[in-house]
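To convert, count from 1 in the sequence shown and add 19; that's my numbering.
Note that these hints are calculated values from the structure, not bench results. Since this is a predicted model, take the numbers as computed values, not measurements. It cannot be assumed that every hint is accurate.
[Said to hold, decoys possible] Restraint ranges, calculated between C-beta atoms of paired labels, are given here:
hint: 1; residue 1: SER24; residue 2: VAL48; range: 22 to 28 Å
hint: 2; residue 1: LYS31; residue 2: SER56; range: 32 to 38 Å
hint: 3; residue 1: LYS22; residue 2: THR55; range: 19 to 25 Å
Here a beta-carbon is modelled for each residue, glycine too, at the ideal position from N, C-alpha and C.
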Amino acid sequence: MVKLSKALIKRKTVEEWLIILLFGFAVAVMLFVAQTSLAASEPVVLDPAFLSYKEH
């Protein structure tokens with residue numbers, strides 16, 4: 020696993036990886052906020068799996 024990540028980093032620059040990580044983090048936060056606002060207004064719209072996960 021470590022060897023694989025080192026090989027990938029050699030192909031891309033650190034700046035590119037930082038941009039990719041930040042973009043992925045921003046998308047994850049936006050999705051989380053969207054799901055939270057949906058849960059606050061209409062919980063029926065969400066997946067049953069997500070609702071059952073939220074209850075535990």
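Hint check:
1. SER24 <-> VAL48: 22 to 28 Å: holds (24 Å)
2. LYS31 <-> SER56: 32 to 38 Å: holds (34 Å)
3. LYS22 <-> THR55: 19 to 25 Å: violated (38 Å)
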